[in-house]
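**Student:** Heads up: the sequence lines are chains A and B, in that order.
Heads up: the first sequence begins at 66 in the numbering used here, then just goes up one per residue.
Heads up: the second sequence begins at 278 in the numbering used here, then just goes up one per residue.
Hints were generated in silico from the structure; no laboratory data involved.
Mixed in with the good hints, there may be bad ones.
[To be verified] In silico SDA-like pairs for lysine to any residue, Cα to Cα no more than 25 angstroms straight-line: (1) B:K286 to A:N92; (2) A:K119 to B:T377; (3) A:K121 to B:G305; (4) B:K286 to A:A169; (5) B:K286 to A:V152.
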Amino acid sequence: DQQVKQNSPSLSVQEGRISILNCDYTNSMFDYFLWYKKYPAEGPTFLISISSIKDKNEDGRFTVFLNKSAKHLSLHIVPSQPGDSAVYFCAASDPLDYKLSFGAGTTVTVRA
Amino acid sequence: DSGVTQTPKHLITATGQRVTLRCSPRSGDLSVYWYQQSLDQGLQFLIQYYNGEERAKGNILERFSAQQFPDLHSELNLSSLELGDSALYFCASTRQGLDTQYFGPGTRLTVL
Numbered sequence: 066d067q068q069v070k071q072n073s074p075s076l077s078v079q080e081g082r083i084s085i086l087n088c089d090y091t092n093s094m095f096d097y098f099l100w101y102k103k104y105p106a107e108g109p110t111f112l113i114s115i116s117s118i119k120d121k122n123e124d125g126r127f128t129v130f131l132n133k134s135a136k137h138l139s140l141h142i143v144p145s146q147p148g149d150s151a152v153y154f155c156a157a158s159d160p161l162d163y164k165l166s167f168g169a170g171t172t173v174t175v176r177a
Numbered sequence: 278d279s280g281v282t283q284t285p286k287h288l289i290t291a292t293g294q295r296v297t298l299r300c301s302p303r304s305g306d307l308s309v310y311w312y313q314q315s316l317d318q319g320l321q322f323l324i325q326y327y328n329g330e331e332r333a334k335g336n337i338l339e340r341f342s343a344q345q346f347p348d349l350h351s352e353l354n355l356s357s358l359e360l361g362d363s364a365l366y367f368c369a370s371t372r373q374g375l376d377t378q379y380f381g382p383g384t385r386l387t388v389l
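Chain B extracted, bound-state conformation (with noise of 0.2 angstroms):
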């Protein structure tokens, strides 16, 4: 168990449709990144966010978005989902900026 929570597991939608992914690092950590894993693909980064703000960006569409709140949690929100939007979405979190990062267990998106 890396400390780091995500959910739902598990998310089956439709298209056009917007659902939002909720991680929660592990304790003490300030820094959540989130990736996604499409099928036998490696990971992509999407965004990376540091105590509340956003820190680096990657591959992130702009039908997606996401936030860290006070507490440290952060939420990925995908709207107007598209097929290929079916993925495996992971969170990591790290104390700082540069450490190892702990990965969440994912949750998987499915869009029908």
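Only chain A is shown next, with the shape it has when bound in the complex (with noise of 0.2 angstroms):
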């Protein structure tokens, strides 16, 4: 049973523009939000983070939204950079378990 579901698997943008990537969830227990950024061959990397008291986190170009109410996130990437193009990875944990639940993930491709 996916309880976070991307159900955008590639994303195409031009270099400069905004890349909005999507997120969706169904275990209304959850409570943080993560988002990872994974190149080919290594291992994912923290991005950004959001907590559920929280509506909007900010860090440089990347911005995290949270809607408790549909049950969405979304990741706002601006202004995309070629060395932006990577599979992100959305995650969401469940304070009374210690796993995080990851979304299928969304490739990322910035165009020059």
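Join the two chains, each given in its own frame, into one complex according to the hints.
**Tutor:** This is the structure we're talking about:
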């Protein structure tokens, strides 16, 4: 049972434009959400997170938005750069559980 | 470099065999997580250890087992291997249980 879903397997965006990645979840107990970035042949790297008490968290070019009522979060990358080309995973944590539930990932390609 | 190390980087073996994957967490981290990533899928949580004790279990097959040693390194043992066990296996670590997880580079297992 996939509790975290990333419905877009891929996204292509022009350099300098905004990349918007979406993630939906089903478990209302999730209270902490993270985005990880993964390059080929490397492990996932933590990018940004958000607690359920917030609806927005910003870190440089990366902003995560959380809509609890819709059980939806999104990651905005502005402006997109060629080095942002990677697979992005959304993950969620249940406070009663120590594991992270991951989405299937979205492959972002930034075109020059 | 996340500070989490995994060996070996690649492993090729035959069906029915047994392998051991090793993970060394970041210095000071007490918690180790194991994940499996099959082709084009997200990361599936397998198991978590905290300071030597099993803390949480995910979709881990009975043919798989893990342990965390007194020096906090962890091993994931996979036995009676099947073709479908071919995947990337990642280890992650955190200081305690609920912090951001930092991932190792992974072990690519190929079962022929």
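**Student:** So, for every hint listed, does it hold in this structure?
**Tutor:** Hints versus structure:
no., hint, result
1, B:K286 to A:N92, "violated, 34 angstroms"
2, A:K119 to B:T377, "holds, 17 angstroms"
3, A:K121 to B:G305, "violated, 31 angstroms"
4, B:K286 to A:A169, "holds, 22 angstroms"
5, B:K286 to A:V152, "holds, 20 angstroms"
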